[in-house]
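Trainee: The primary structure of each chain is shown beneath.
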Amino acid sequence: MMIRVKMIANYRDALPAGHKHGVIELDVPDGATVFDAVSRFDIPLNDESVIVLNGLTVDLNTPLQEGDTVTAFSAIAGG
Amino acid sequence: MYGWHLKILRVNLTTRKVTTEDVDPKIARDYLGGRGWAIHYMYKEMDPAVDPLSPENMLIFATGPLTATPAPTGNRYMVVTKSPLTGALAHSNSGGEFPTWMKRTGFDLFIFEGKASEPVYVLVNEDQIEVRSAAHVWGKDTHETTDILKGETSAEARVACIGPAGENLALMAAIMNDKHRAAARSGVGAVMGSKNLKAVVAMGNKNPPLHDPEAMRSISVETSKNVGADVKKGSNMRIYGTSYVPQVTNTLGILPTRNFLQGTFEHVHNVDGDALKNQYLIRHTPCYRCPLSCGRLTEVPDGPYKGKGEGPEYETISSLGTGCGVSNLAALVKANYLCNEYGMDTITTGMTIAVAMEMYEKGYISEDVVGMPLKFGDHDAMIEMIKLMAYNKGFGKDLAQGSYRLAEKYGHPELAVTTRKQEFPGYDPRGSQGMGLLYATSNKGASHMEGDVAYEEVFGVPVKENPLTTEGKPELVKHFEDSFALMDSSGVCVFVGIRYMFNKDRMILPKILSEMMNLATGAGYTSEEAMQAADRVYTLERMFLIKAGSGPEWDVLPYRMLNEPLPDGPAKGRVVELDKMLPEFYEKRGWDEKGYPTQKKLMELGLPLN
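Protein chains in written order, with the numbering used here: chain L, 1 to 79; chain X, 1001 to 1610.
FYI, nobody ran anything at the bench for these hints, they're computed from the structure.
Just so you know, these numbers come straight off a predicted model, no measurement behind them.
Please note that the accuracy of each hint is not assured.
Unchecked claim - Label pairs and their in silico Cβ distance ranges:
id, chain 1, residue 1, chain 2, residue 2, range
1, X, P1213, L, D42, 40 to 46 Å
2, X, K1375, L, V23, 27 to 33 Å
3, X, K1044, L, D13, 50 to 56 Å
4, L, D27, X, D1380, 43 to 49 Å
5, L, T62, X, K1233, 49 to 55 Å
6, L, D13, X, S1218, 30 to 36 Å
7, X, K1225, L, M2, 21 to 27 Å
8, L, S49, X, S1218, 27 to 33 Å
9, X, N1226, L, S49, 14 to 20 Å
10, X, N1226, L, D42, 52 to 58 Å
11, L, M2, X, D1380, 51 to 57 Å
12, X, K1393, L, F35, 20 to 26 Å
Quick reminder that beta carbons are idealized off the backbone N, C-alpha and C, glycines included.
Taking the hints into account, I'd like the entire structure generated from these sequences.
Mentor: Structure (structure tokens):
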């Protein structure tokens, strides 16, 4: 199934060339989880990263569905 | 004494009498410094019911015990006064270079009272303190004023001043220092303007002596190393400053868009950190001795929006940009430059124009009233409105009163997104519930800088909290409010404070800050004592609000946040569930069920009982 992975700011460096505004389409197998999607990329998979599914706070073991968007960014104070 | 000078400079602008006085070491310790000392003196000496723009209001510039020390980011000052925008307390924070230069005059606090009979500026060069005519700079913008006053005093001096907006008493007027840095919020610049005080020029060589300079240097070196490691890995704050944030808040559906009618902006890519970096960034610019360096010098090299300056920061992008539906980055950058030059808070400026745009589109104000069409996304009209506000002309007279008074005047107060009449910053609380509680109860009206729980709800620092839930938020908000009161009083920047001192043990911040204050002052704070002092500061501010007529009856949220669910994004369908959080928050603060500090709490903190 097809999902989208979005990387914000410096995490865009982890994406292959050709992404548009930090977003790529990804083909993942049925049953794949949020963790499966983001672990394909070279970003910290610990408290240093914020990872959300369709903008919502979820467990990384949450199964993905067709059309989902997984977004990751570095945990750092801003604004 | 170390760390603190324990010296106050008091300038009565009416009589031009200048006095200096010592600070009682017990008061110094109990109220920490900076913001804490300022509220102590204001509460003791001033009737909280005074008209904020009258000579009776006090205007206090306040440094902390860590200002002008090697403590990481120990380079902040607060401007504390009664706000003409909110009628509550104003305490606006700024960095740059001025705060350290101010502390090096040998004074911790400057207190300005009364009103000069004609425009003046105050020069403080250690023992040389002069009230000088400012007739030649009155009417000039903040950049020209800074250049002229440095030219006639010393290149080594640093300047904090107002621009035309402050002179004209616009309620969103800021006090700018070092040209580009702002003590921005709550109309502090209008208070300065009401006193005919154009500028304060500071210089000197009186660095505060430190209790343990060697250990202080070690902490500084260690923190700088940690920051350096972050920067090497690619810190967003170094690369983008705060301009990377629109993508984060847009993802969470809490990016203020078109006066909070929406929580996502379809053109966010036009106004985000990458667009700014790729098109207009020249280089990053640090505050004095800051290892993080989140400021950025930018330039629009040509065209109608040509200009050069610092920013925009996230809060400017979310107000003058997405808040107004504006996607033209060059125009947004120009609008930011104009606000800095005229001396205006970009949040209140942008969100006031945003409410005017909504009222125009709904037919509540006509083109005749505004003088031109004012639709969302019209960046040229937005720029024109900024000019009218700064110079108090035409429709700008209404805009200069802020969005609450504007919307009320034209019969639609429900459109103003404010608490205590101050505009919301860049986090829609319908998708960030803790921020909703913070805005509703903040001592200075809606402000993220009063206790920014977005760090946890949005940015995952130090842990990611679910922004859509209310559970645990009252305690979290109290902890952040006290932590920010501690940082604001000590003289460090919240960015380094939050990012590099917090960890999963939430008491690590007071632990490290109290250690640093001990190295500076020798006061021997425990972590618990430091947090209790912060609680004392916060609670005394609340007492000021109650006496000023801005008490618990103002702990409310605007109509839109409680009655109009977000129409889009991850928080679609949600409003702020304030009722679920407010009673527990009062309890956590030691206030009664109506929101008044209890006698028991006041006694525990050693505060006056009435």
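Trainee: What hint numbers does the structure not satisfy?
Mentor: Hints 5, 7, 10, 11 and 12 not satisfied by this model.
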